[in-house]
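With the hints as constraints, model all of the structure from the sequences given.
Residue numbers (numbering that gives the first Met the number 0), protein chains in the order written: chain G, 0 to 344; chain L, 0 to 344; chain P, 0 to 344.
Everything labelled a hint here was simulated from the structure, so no lab data went into it.
Cβ coordinates follow ideal geometry from the N, Cα and C atoms, glycine included.
Honestly, I wouldn't trust all of these hints.
Below, computed lysine-lysine pairings styled on DSS-like, alpha-carbon distance capped at 27 angstroms [as the list claims (entries may be wrong)]:
1) G:Lys152 x L:Lys11
2) G:Lys65 x P:Lys318
3) G:Lys152 x P:Lys152
4) P:Lys65 x L:Lys152
5) G:Lys65 x P:Lys65
6) G:Lys102 x P:Lys65
7) P:Lys7 x L:Lys318
So the derived list for chain P, only partly shown, Cβ under 8 angstroms to chain L, looks like this [to be verified]:
8) Arg57
9) Pro60
10) Gly74
11) Tyr75
12) Gly77
13) Ala88
14) Ile89
15) Ala91
16) Arg98
17) Tyr232
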Amino acid sequence: MYPIEQHKPYPKNQWYVAAIRNEISREMFERRILDEPIVFYRTEAGDPVALAALCPHRLYPLRFGKLLGDTVVCGYHGYKFDCSGRCTAIPAQEAVPARFATKSYPVVDRWELTWIWMGDPELADPTKIPPIERIGLGAEQWRADVGCNTPLKARYSILVDNLMDLSHISYSHEKTLGNNDFIAATPPIMSNDDQSIRVLRKFPNTKVEGPLAFFFPDIAGTTVESYLSSDYYGPCLVDAVGPAVITEEGVDRQFHFIHFITPETPTTTHYFNAISRNFRADDDEFSAMMLAQMARVIAEDVTVLEEIEPHIERYGSTKTELSCQADAGAIRVRRTLASQIAGEK
Amino acid sequence: MYPIEQHKPYPKNQWYVAAIRNEISREMFERRILDEPIVFYRTEAGDPVALAALCPHRLYPLRFGKLLGDTVVCGYHGYKFDCSGRCTAIPAQEAVPARFATKSYPVVDRWELTWIWMGDPELADPTKIPPIERIGLGAEQWRADVGCNTPLKARYSILVDNLMDLSHISYSHEKTLGNNDFIAATPPIMSNDDQSIRVLRKFPNTKVEGPLAFFFPDIAGTTVESYLSSDYYGPCLVDAVGPAVITEEGVDRQFHFIHFITPETPTTTHYFNAISRNFRADDDEFSAMMLAQMARVIAEDVTVLEEIEPHIERYGSTKTELSCQADAGAIRVRRTLASQIAGEK
Amino acid sequence: MYPIEQHKPYPKNQWYVAAIRNEISREMFERRILDEPIVFYRTEAGDPVALAALCPHRLYPLRFGKLLGDTVVCGYHGYKFDCSGRCTAIPAQEAVPARFATKSYPVVDRWELTWIWMGDPELADPTKIPPIERIGLGAEQWRADVGCNTPLKARYSILVDNLMDLSHISYSHEKTLGNNDFIAATPPIMSNDDQSIRVLRKFPNTKVEGPLAFFFPDIAGTTVESYLSSDYYGPCLVDAVGPAVITEEGVDRQFHFIHFITPETPTTTHYFNAISRNFRADDDEFSAMMLAQMARVIAEDVTVLEEIEPHIERYGSTKTELSCQADAGAIRVRRTLASQIAGEK
Ligand code: FES
Ligand code: FES
Ligand code: FES
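The following block contains the structure:
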């Protein structure tokens, strides 16, 4: 099915954002990730724990039970599980067979986010978490702010498509971002480095005025090279950079809209976001305005993608896909993703 | 499945009412017909246009885009389509391959209605639109009023059944139309002409009193031949005539409840209606009362059919159909319809 | 599928509670039982009638028609059916073929309940109704009160499971019944008699204090043998006894929470209940309090089971069931039930 085969819709040996860090607390909560229901909590020491959410006994969700220290007590018949998922006690019974366990998932806090590894736990290497410092999250002299978690009733792959073809800004975001016809009118340039697949649009000789002057008031009236790009770091992370300018002095100023994408089910998605920048680092009010702006932009994308989703569900497999030159980046990403999925197991 | 095989539930080479004429304007709107999503608008010259509703690029519904003159601009990436469905422009791209087109459907305004041809466009001959003048729509010396568009959550074929067996008036419409036991008690007579299949009930020597006197106050107290009939002109149109009387002077006065039936999906229907008559042509108040009456009667039929629909969905294919003599007209219609469907492609 | 194969999920040659007796009146109502839609009413003489709910003509639900004496008149085309389901009249038609009948089901009033036989009517022997007198319903010197009908969006078999393993009282009902850790901590004893499968927990040397003293204030402070049991009389009836005590004088005082379980569909259930006791027979206020208490307890079980149901639907067939010693009663019951189902036809 367009755009990704649906019998294996996502890679599993991959870190995904499970939650904004402070969503996980001493109160258990459940979230479905890659179609697996997972219960999250923190130990008394503050470490995140992720267990398969359903009691292996009679499938009652563990979140309705209690935490006794770091131990989960099921709310139906009182089985106890430690934070590795091992069953440590069954009422009125001496021995607990080892197979009475629930699965546990590797989880790691990194920056303001908690990451989860859904595939083979042996392969769960935290160094494989995407290089978020490079895009300003937790980096020196950058300002970064975590946004929110938006439920998206559409498959993650069309969100990736959306982010890899920013020509849609000229049409879908006209109400929030204004008339930006020049974006769609500019052919994109593709490139790769070892970390990301990049789609770039350059606008040489741009006058700093209008929206650009709002971002960079100190250089209003000068002429810069401006650009807009999308970097794909995996299905879990797409970084949209823009506005970004190279000033007359050659300084590269970048505003990043960062998108963390976690499939919830084959057709729904947890969509987390953040912003970062390497200028006006102390300007809290600017951060607040940009987070609000991002929320409006995301709401527009959610509307578009949720309109499309049922049609992909229904017509995707029978339709011949028509693509234009501006889709080249999205298509390169999709091929990469498809081969990552094919390479698993 | 009872009552019509579900893998090809409706004929396509057939005009259907797509909309009440003034529903289609310079504001695009979408409607599903024969399970195909279609976007409608009028050109600046006022002609109706019907295009496949989803952008062939990434399936975004075209109705969320804009009209620039007669051209549709998709709201996601800005592709442009003319009113024949041809793609005329893609941003940042010189050439537009011919296959970047969306389907267009033949549409024709006729009387207060806009008709659509869902099958082979080569066969879309407007002279095949049912002879609505013959039943008073747009005819000299008749009065005709368009009603409304009622969404029906039931398959169109059981609505046709309903209209071809008017014995149900005695039971389903007792609250609105009063006690009419004589209808169900009168055996129907079937006949065909080249245009329609007719089921007729005659009531000779009827005194014009009660409801009849309300329709025909000028002949109250006389004795007439009264009758009630259903004419099937195709799945798109059933004309129920009644009350109708042949006066002592031999004048045939007819009141028509006209039903335009357009399958939305295999199990839901767009149900349009109109009324016409060849008496009291200038009586606006009478028209208003009869439209209100028709709305109440239709609401009752909708209730009955929506109660039945899930049971047909579930039990229709396993059930042996039991039919009585009063079903003969409905069954003749169903055979005609089944052979029309079988004859396509 | 765990816990019972879903292609034949319930026995049919079995009495089930169809309704609380006074739910069935001269006003027709419809209820789905074992996935068959059934319309209920009483004859003028007061006898319960159960007919297949859909008119055999065009599947209109009979409940929308009228009762003329003991005869049902369909609300669509006026066919008449007597209380054996025979079609006795079709409008405008002399003869009525015998096959124009709707199915009728054996129904019997017993105590405050109306029972229905869903299987082969030849086998519908009222003496096979479970021995409800033995558990105090309609018995001398007992007090019995009928409770209510709770819709349960979960399959009946997990409700049977729930009732055969009362260790869950210690966990699921902590809020309403207080801390009862001693229940889960006590291993159950299984036994059978010719009528029921029993799971029993004994608590010797129990001081009558706290909740027990509330039940038995006249023996507060004494020491008794207390017990708690579940008796399975078939999928239609599980009797939970407790608190129950054998006093110092050897008197056996029992409080019964009685559960009537009627599958509505393969995954939903009609859950009726009653209470009975052989002490404080005239204490109306105590009855009222206990019915209220039962309603709260049932609401908790409903919550648990409705949380579990979608997971059984989804994971039941692929999961290896893990069971502990406390499940032995539930598993014995399940085997009995499975062999009862397998033995049918
Ligand atoms: S379902 Fe968790 S202990 Fe039984
Ligand atoms: S979806 Fe219409 S232009 Fe892309
Ligand atoms: S549906 Fe009952 S008489 Fe026709």
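Okay, the hints, checked on the actual structure:
1. For the hint linking Lys152 of chain G to Lys11 of chain L, the alpha-carbon distance of about 34 angstroms lies beyond 27 angstroms, and the restraint is violated.
2. For the hint pairing Lys65 of chain G with Lys318 of chain P, the CA-to-CA distance comes to about 24 angstroms; that is within 27 angstroms, so the pair holds.
3. Pair hint Lys152 of chain G plus Lys152 of chain P holds up; C-alpha atoms about 25 angstroms apart against a cutoff of 27 angstroms.
4. Taking the CA atoms of Lys65 of chain P and Lys152 of chain L, the gap is near 25 angstroms; set against the 27 angstroms cutoff, the hint holds.
5. A C-alpha spacing of about 54 angstroms is found between Lys65 of chain G and Lys65 of chain P, which places the hinted pair above 27 angstroms, so the restraint is violated.
6. Among the hinted pairs, Lys102 of chain G with Lys65 of chain P is inconsistent with the structure: their alpha-carbon atoms are about 58 angstroms apart, more than 27 angstroms.
7. The hinted pair formed by Lys7 of chain P and Lys318 of chain L meets the criterion: a straight-line CA distance of about 21 angstroms does not exceed 27 angstroms.
8. For Arg57 of chain P, the suggested interface contact is upheld, since its CB lies about 6 angstroms from the closest CB of chain L, less than 8 angstroms.
9. The criterion of a C-beta within 8 angstroms of any C-beta in chain L is met by Pro60 of chain P, whose closest approach is roughly 6 angstroms, and the hint holds.
10. The interface hint given for Gly74 of chain P is met, as the beta carbon of that residue sits about 6 angstroms from the closest beta carbon of chain L, less than 8 angstroms.
11. Nearest Cβ of chain L to the Cβ of Tyr75 of chain P: about 6 angstroms, under the 8 angstroms cut. The hint holds.
12. The restraint placing Gly77 of chain P at the interface with chain L holds, with a minimum CB-CB distance near 5 angstroms, inside the 8 angstroms limit.
13. Here the hint on Ala88 of chain P is broken, as its CB sits about 11 angstroms from the closest CB of chain L, past 8 angstroms.
14. Taking 8 angstroms as the C-beta cut-off, the interface hint given for Ile89 of chain P holds, the closest approach to chain L being about 5 angstroms.
15. Nearest Cβ of chain L to the Cβ of Ala91 of chain P: about 5 angstroms, under the 8 angstroms cut. The hint holds.
16. Given hint, Arg98 of chain P at the interface with chain L, holds; its Cβ is 7 angstroms from that chain's nearest Cβ, closer than 8 angstroms.
17. With 8 angstroms as the threshold, the beta carbon of Tyr232 of chain P stays out of range of chain L, its nearest partner Cβ sitting at about 32 angstroms, so the hint is violated.
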